[in-house]
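Please put together the full structure from these sequences, using the hints given.
Residue numbers (UniProt numbering), protein chains in the order written: chain A, 1 to 249; chain B, 1 to 306.
Derived by calculation from the structure, the hints in this document are not laboratory data.
Where hints are given, some of them may not hold.
Residues from chain B that face chain A, not an exhaustive set, calculated with beta carbons under 8 Å [to be verified]: (1) 77; (2) 87; (3) 196.
Computed list of chain A residues with no C-beta within reach of chain B, every gap over 12 Å [said to hold, decoys possible]: (4) 43; (5) 177; (6) 217.
Note that the Cβ used here is the ideal one computed from N, Cα and C, for glycine as well.
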Amino acid sequence: MMAELMGKATGCSKGKGGSMHMFSSELNFMGGYAIVGGQMPIAAGIALAVQYRGGDQVALCFFGDGAVNEGEFHEAMNLAAIWKLPVIFFCEHNLYGMGASSQETLVMWDSLHEMAAAYGMARYEVDGNDVIAVRSLMQKVNAEVRAGTGPAFIVAKTYRLRGHSVADPANYRPDAEVEYWMSRDPIPRFRDWLTEEGIATVEDFEEIDASVEEEVVQAAEFGELSPWPAPEALYEGVYADRPTEGIPA
Amino acid sequence: MYVPHTFIECKYGPELVVTCTFRSSPVAGSNRVFNTPLSEQGIVGFGIGLATQGSTAIAEIQFADYIHPAFDQVVNEAAKYRYRSASHYHCGPLTVRAPYGAVGHGGHYHSQSVEGFYAHVPGIKVVIPRGPSQAKGLLLASIRDQNPVFFFEPKWLYQAAGERHTQLASLCTCMQSLSLSAGSDVTVLGYGSQIQILRQACEMAQSELGVSCELIDLRTILPWDEDTVIQSVCKTGRLVVSHEAPLTAGFGAELAATVQAECFNHLEAPIQRVCGWDTPFPLIFEPFYIPNKVRCFDAIRTVVDY
Numbered sequence: 001m002m003a004e005l006m007g008k009a010t011g012c013s014k015g016k017g018g019s020m021h022m023f024s025s026e027l028n029f030m031g032g033y034a035i036v037g038g039q040m041p042i043a044a045g046i047a048l049a050v051q052y053r054g055g056d057q058v059a060l061c062f063f064g065d066g067a068v069n070e071g072e073f074h075e076a077m078n079l080a081a082i083w084k085l086p087v088i089f090f091c092e093h094n095l096y097g098m099g100a101s102s103q104e105t106l107v108m109w110d111s112l113h114e115m116a117a118a119y120g121m122a123r124y125e126v127d128g129n130d131v132i133a134v135r136s137l138m139q140k141v142n143a144e145v146r147a148g149t150g151p152a153f154i155v156a157k158t159y160r161l162r163g164h165s166v167a168d169p170a171n172y173r174p175d176a177e178v179e180y181w182m183s184r185d186p187i188p189r190f191r192d193w194l195t196e197e198g199i200a201t202v203e204d205f206e207e208i209d210a211s212v213e214e215e216v217v218q219a220a221e222f223g224e225l226s227p228w229p230a231p232e233a234l235y236e237g238v239y240a241d242r243p244t245e246g247i248p249a
Numbered sequence: 001m002y003v004p005h006t007f008i009e010c011k012y013g014p015e016l017v018v019t020c021t022f023r024s025s026p027v028a029g030s031n032r033v034f035n036t037p038l039s040e041q042g043i044v045g046f047g048i049g050l051a052t053q054g055s056t057a058i059a060e061i062q063f064a065d066y067i068h069p070a071f072d073q074v075v076n077e078a079a080k081y082r083y084r085s086a087s088h089y090h091c092g093p094l095t096v097r098a099p100y101g102a103v104g105h106g107g108h109y110h111s112q113s114v115e116g117f118y119a120h121v122p123g124i125k126v127v128i129p130r131g132p133s134q135a136k137g138l139l140l141a142s143i144r145d146q147n148p149v150f151f152f153e154p155k156w157l158y159q160a161a162g163e164r165h166t167q168l169a170s171l172c173t174c175m176q177s178l179s180l181s182a183g184s185d186v187t188v189l190g191y192g193s194q195i196q197i198l199r200q201a202c203e204m205a206q207s208e209l210g211v212s213c214e215l216i217d218l219r220t221i222l223p224w225d226e227d228t229v230i231q232s233v234c235k236t237g238r239l240v241v242s243h244e245a246p247l248t249a250g251f252g253a254e255l256a257a258t259v260q261a262e263c264f265n266h267l268e269a270p271i272q273r274v275c276g277w278d279t280p281f282p283l284i285f286e287p288f289y290i291p292n293k294v295r296c297f298d299a300i301r302t303v304v305d306y
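Okay, structure coming up:
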């Protein structure tokens, strides 16, 4: 991953994908999509492939509330519903689509999961910043979809703590709003819960932090020391049967 | 006209789920053959998803004029899937079929030639057959191709009489261009339904001017067979290109630019492009719009008389 972020040849997409396009066939991870909404009909197609072969996998499709305004969202929802495809459309509703608040741009922003009613689809709303709540819901919905009840739409309510990208200082948000959501940050919240429940201790977390930091440092070093892709890699993967064209004159 | 798109899957091989369009008798297995809603973008994206799982999927779009809502899926997903994932995943088993071109009464939205738009997208292939036998062979080749292929069928020919299979070799898997007649005076280049027109123009040129034409059917628009065309024009020194799509930035522009770069010293005359006029495809003006055999013949005469 780190090498991919740095555009190195040892990256998971050989440096060709970057931060937005990491894939893993071992993990059935179909990657990231730069075009908002592009992944949705694709997810429906993947679900049909599973269903056709009698498999029991579920396609899990992530997107933000901004994507709900794309035409493809509606097309994919309808396709999944009429054919009862095993796909979960999972919306991370963080109240902003790039620089626009969903309150201003999405008429159903406050009860987003109800949009699935238009497609006769099972729909759920959950506190996206509550690790246990999300986990429990996913276990339930996963089991239902796997059993063949048809697709489901989950809206996980959360917040985008930073800007849309490193280029976005997100000055369009009131400070009080940001502070409110900072206090609901799921990770410290979960840590506190685990400590209170006696499941883990402060020392456990310090140990985890240290070992993860070490892992990240090593990954960064690996990325730094890795070679750049060769110039010929520019033409690799354009077509299946022409692996490399070489550099044009 | 409200017509549902037909998205048919039929299984005819191990681990193959093939989607093909079907107009007459039903095929067994409604899980393999089914209609879709009117959702072009959704249909193409859906086909991409199927294909990434190794299923051979063929999506039909009722008219090529309607494929543009899916343009984003074509350009930003299908064409880049293999490239951006370094071949972790790809949608090679996808084929998208659509009828294209003038039909005599189609007007603005049932007559368009769209190959020029899709020829501009590295990562997909664009294939256009000139007749029924070619369609069969090229479609099978397109299905088997491990890249996403956009297959545009001349709709005018659906209404023409059937074509006799002259050779079983029409089931070739080769998508390269094909020389239909050897000639020495001028290379005439086209694809799809235009080949019928060009054939007539070449016959006129032979009988009225004594001009020997080398007619080439490009068959695959992207990637196109430069070697065959360049070799031919270096021999004849003259080129006439023709397509129904509008002149400006039509695919003929790519052909002309490449040929002039590669055959400059051999050219005896400027390259002629005989194309649709730069207007939306008209309704009542269709006979004036399309590059008919007379216009093509005139272009041949122009390069020969230059």
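> Can the hint on residue 77 (chain B) be confirmed by a CB-to-CB distance to chain A that is less than 8 Å?
Replying inline: With a closest approach of 5 Å, the residue 77 (chain B) hint holds.
>> Please check whether the beta-carbon of residue 43 (chain A) is more than 12 Å away from every beta-carbon in chain B.
In response: Since the minimum Cβ distance to chain B is about 6 Å, residue 43 (chain A) lies within 12 Å and the statement is violated.
> Are all C-beta atoms of chain B more than 12 Å from that of residue 177 (chain A)?
Replying inline: holds, 33 Å
> Hey, does the residue 196 (chain B) contact hint survive, CB to chain A under 8 Å?
Replying inline: It is violated, given that the least Cβ distance between residue 196 (chain B) and chain A is near 30 Å, above 8 Å.
> Given residue 87 (chain B) as an interface hint, is the shortest Cβ-Cβ distance to chain A below 8 Å?
Replying inline: Where the cut-off is 8 Å and the nearest Cβ of chain A is about 5 Å from residue 87 (chain B), the hint holds.
>> At 12 Å, judged by beta carbons, does residue 217 (chain A) keep clear of chain B as stated?
In response: Residue 217 (chain A) is indeed farther than 12 Å from all Cβ atoms of chain B, at 25 Å.
Violation of the numbered hints given earlier is confined to hints 3, 4; the remaining hints are satisfied by the structure.
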